[in-house]
Amino acid sequence: MNTDEKTAQLEELFRLLTSLDATDRRMAAEDLGILADKRAVPLLMHSLLDPVIAVREAALIALKQHVFPETCVRMIELLISESVPLRNAALEVLQAMAAEACPMLLAGPLYSLSADVRKFSLDIIRQAANLSDAERKLIVERVRPLVEDSDLNVAAAAIEVLAQHGDEGIIDSLLARLDGPIWLQCHVIQALAHIPGKRAAESLTRIDGETLAPVAKVFLTEAIESRKRAA
Amino acid sequence: MSQKTSLAESMLHILVVDDSQIARSFHIAALAQAGYACSAAESGAEAIELALRKPFDAIVTDLNMPRMDGYELSKRLRALEGYAETPILMITSEREDHDRMRAMNCGVNTYITKPIEPDTLCYQLGLLIGKRARTL
Amino acid sequence: MLFSVDQLEKIRSLIYKQTGMLFEEKKNYFLASRLEERMRVSRTDSFNDYYRMLIFDHPSAELKHLIESVTINETYFFRDFPQLQGFAESVLAPYLEKKAAARDFNLRIWSAACSTGEEAYTLSIILQEVLVDRERWQITIDASDIDTKVLEHAERGVYSERSLQDMPDVYRKKYFRQEGQNWVILSSARQLVHFRQLNLIDRMGMRSMRSYDFIFCRNVLIYFDDDSRRRVVSLLYDALLPHGYLFLGHAESLGRITASFELQKLGSFLCHRKPA
Numbered sequence: 001m002n003t004d005e006k007t008a009q010l011e012e013l014f015r016l017l018t019s020l021d022a023t024d025r026r027m028a029a030e031d032l033g034i035l036a037d038k039r040a041v042p043l044l045m046h047s048l049l050d051p052v053i054a055v056r057e058a059a060l061i062a063l064k065q066h067v068f069p070e071t072c073v074r075m076i077e078l079l080i081s082e083s084v085p086l087r088n089a090a091l092e093v094l095q096a097m098a099a100e101a102c103p104m105l106l107a108g109p110l111y112s113l114s115a116d117v118r119k120f121s122l123d124i125i126r127q128a129a130n131l132s133d134a135e136r137k138l139i140v141e142r143v144r145p146l147v148e149d150s151d152l153n154v155a156a157a158a159i160e161v162l163a164q165h166g167d168e169g170i171i172d173s174l175l176a177r178l179d180g181p182i183w184l185q186c187h188v189i190q191a192l193a194h195i196p197g198k199r200a201a202e203s204l205t206r207i208d209g210e211t212l213a214p215v216a217k218v219f220l221t222e223a224i225e226s227r228k229r230a231a
Numbered sequence: 001m002s003q004k005t006s007l008a009e010s011m012l013h014i015l016v017v018d019d020s021q022i023a024r025s026f027h028i029a030a031l032a033q034a035g036y037a038c039s040a041a042e043s044g045a046e047a048i049e050l051a052l053r054k055p056f057d058a059i060v061t062d063l064n065m066p067r068m069d070g071y072e073l074s075k076r077l078r079a080l081e082g083y084a085e086t087p088i089l090m091i092t093s094e095r096e097d098h099d100r101m102r103a104m105n106c107g108v109n110t111y112i113t114k115p116i117e118p119d120t121l122c123y124q125l126g127l128l129i130g131k132r133a134r135t136l
Numbered sequence: 001m002l003f004s005v006d007q008l009e010k011i012r013s014l015i016y017k018q019t020g021m022l023f024e025e026k027k028n029y030f031l032a033s034r035l036e037e038r039m040r041v042s043r044t045d046s047f048n049d050y051y052r053m054l055i056f057d058h059p060s061a062e063l064k065h066l067i068e069s070v071t072i073n074e075t076y077f078f079r080d081f082p083q084l085q086g087f088a089e090s091v092l093a094p095y096l097e098k099k100a101a102a103r104d105f106n107l108r109i110w111s112a113a114c115s116t117g118e119e120a121y122t123l124s125i126i127l128q129e130v131l132v133d134r135e136r137w138q139i140t141i142d143a144s145d146i147d148t149k150v151l152e153h154a155e156r157g158v159y160s161e162r163s164l165q166d167m168p169d170v171y172r173k174k175y176f177r178q179e180g181q182n183w184v185i186l187s188s189a190r191q192l193v194h195f196r197q198l199n200l201i202d203r204m205g206m207r208s209m210r211s212y213d214f215i216f217c218r219n220v221l222i223y224f225d226d227d228s229r230r231r232v233v234s235l236l237y238d239a240l241l242p243h244g245y246l247f248l249g250h251a252e253s254l255g256r257i258t259a260s261f262e263l264q265k266l267g268s269f270l271c272h273r274k275p276a
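Protein chains in written order, with our numbering: chain A, 1 to 231; chain B, 1 to 136; chain C, 1 to 276.
For the record, the hints were derived by calculation from the structure and aren't laboratory data.
Where hints are given, some of them may not hold.
For lysine-lysine, the following DSSO-like pairs were computed, each having C-alpha atoms within a straight-line distance of at most 30 Å [what the hints assert, rightly or not]:
(1) A/K38 to A/K6
(2) B/K131 to C/K99
(3) B/K75 to C/K98
(4) C/K10 to B/K75
(5) C/K10 to C/K149
(6) B/K54 to C/K10
Go ahead and model the full structure; you've got the sequences and the hints to work with.
Listed below in structure tokens is the structure:
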């Protein structure tokens, strides 16, 4: 399809996206997702607040298919929106294009004064897949300090990111947080279950279960079991 | 995380709703320690479906979930047959008083802020369930 | 024929005294259709005449017949389709009543992934049994499957004894004729059903399906991956009328896929309704 045809098709879909008929709107959102043309992003963002659930869902799925830096920029802006549905939608879209969004997040939102934004950033970064070694290293380097974040939920999210992307190098930082509340202990233990390599497995077995609260002990047992299963 | 759930009829059955796997495992481990049987849902929509299929004695739900948050879930649960009085405990990272009001308006009985201590969760839930039992 | 609320109440009360079975008011439509049928068979013209016949003896033979006809729905259906009973009693009857009150006598049903046609023909039978004043209704039952071989089988409408093992004699005699070891569906049931080939993930084909009151898509979505399942469900959503129903397999769930349907509990199963 040449660019003129594409533009014409887009315009028709834009028109349908604001139709009074909900089925038109839903199908238009779906079709825009398939076309995945950048120009559709602002309009699809509007449809995130459509009164009909099916249309909102279609718009969300469509946005996920627009994997462009521009989409990431707009979605990151929504992370500080007053509207909870928009924030959540932005989070979900960014998680679907996490690798694309990572560099932007690492450069700013990760250090936001808002604990919520720091946490959102971490939740997105955790989803990034197919990363190069360099990209992974950068993530670990930038996220590691947040394990000591004053907000415990942010610290926990940071631990989850390191569980996903980290290697043996971060084990000590993680173990240091076993002195925290049970919530953090469980995150540390689960992280150690995921980090590749013998050192992580050994550090699990070296944790004295008797010093742990019952819930953390449950996590420890499961972590050790899961490492055995993976071996 | 495998979780032993007893089929004994005398056990109270709690539905834990949270989009985070680790949070679900944590809350279920805490509740299981206190002798509750638990089921888990990843989202509000899933929670409603489970709640319709079987009756739960209480709901523990996170506030901040995608698509349907804890307020919305609570409102919808209250509208279901048999759930008008079911204890709902919400886990939130917010502390402001106006949120407390909204939680109450949506039918949430109690909320606790995370990160939670297992004892706190079980204590608060126990209070709610005890309160309910006394009014029956 | 229409019965007044009082008349139906009298019948309900009689049945209750005789059997202890209480017919809820939402099943009035169903009760009315059975009543009309019994009046026709017993050749009574007015409700009062029929009612007198019912109470003449204690218990009267006719009351026994009436009771049998309202309880026979327990085993209307093929054992593999227990949900259809709930559909007929709890969903179909009130739905039809609402449509009739709005003078809309169009009913469109889609059996998606119909395989060899049992579900589609069963739906046809149910409709014929439940509908009062059948002639006023314009009924379409579309049945589709991706596999042309099973569609051929469905079109032929020839079934083995095994397929009909839970079919009550009354319906067997009424809707089938025997041919050797097999049973052939009669045109009274057949005529409402149209078979076509359709792939559930074919967007173009699926988008041509519109304005259905009920869609049955049971135990087939489990074979799709999450993305395809989501796609198919949105296409089924589009194909439904507002307030139309989607029926999935008993254990199937949409919770992880979409929140766009309203969930309703009917007896022990869930069904999904498209919002207005």
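A quick look at each hint next to the structure:
no.	hint	verdict
1	A/K38 to A/K6	holds (12 Å)
2	B/K131 to C/K99	violated (46 Å)
3	B/K75 to C/K98	holds (28 Å)
4	C/K10 to B/K75	violated (40 Å)
5	C/K10 to C/K149	violated (51 Å)
6	B/K54 to C/K10	violated (36 Å)
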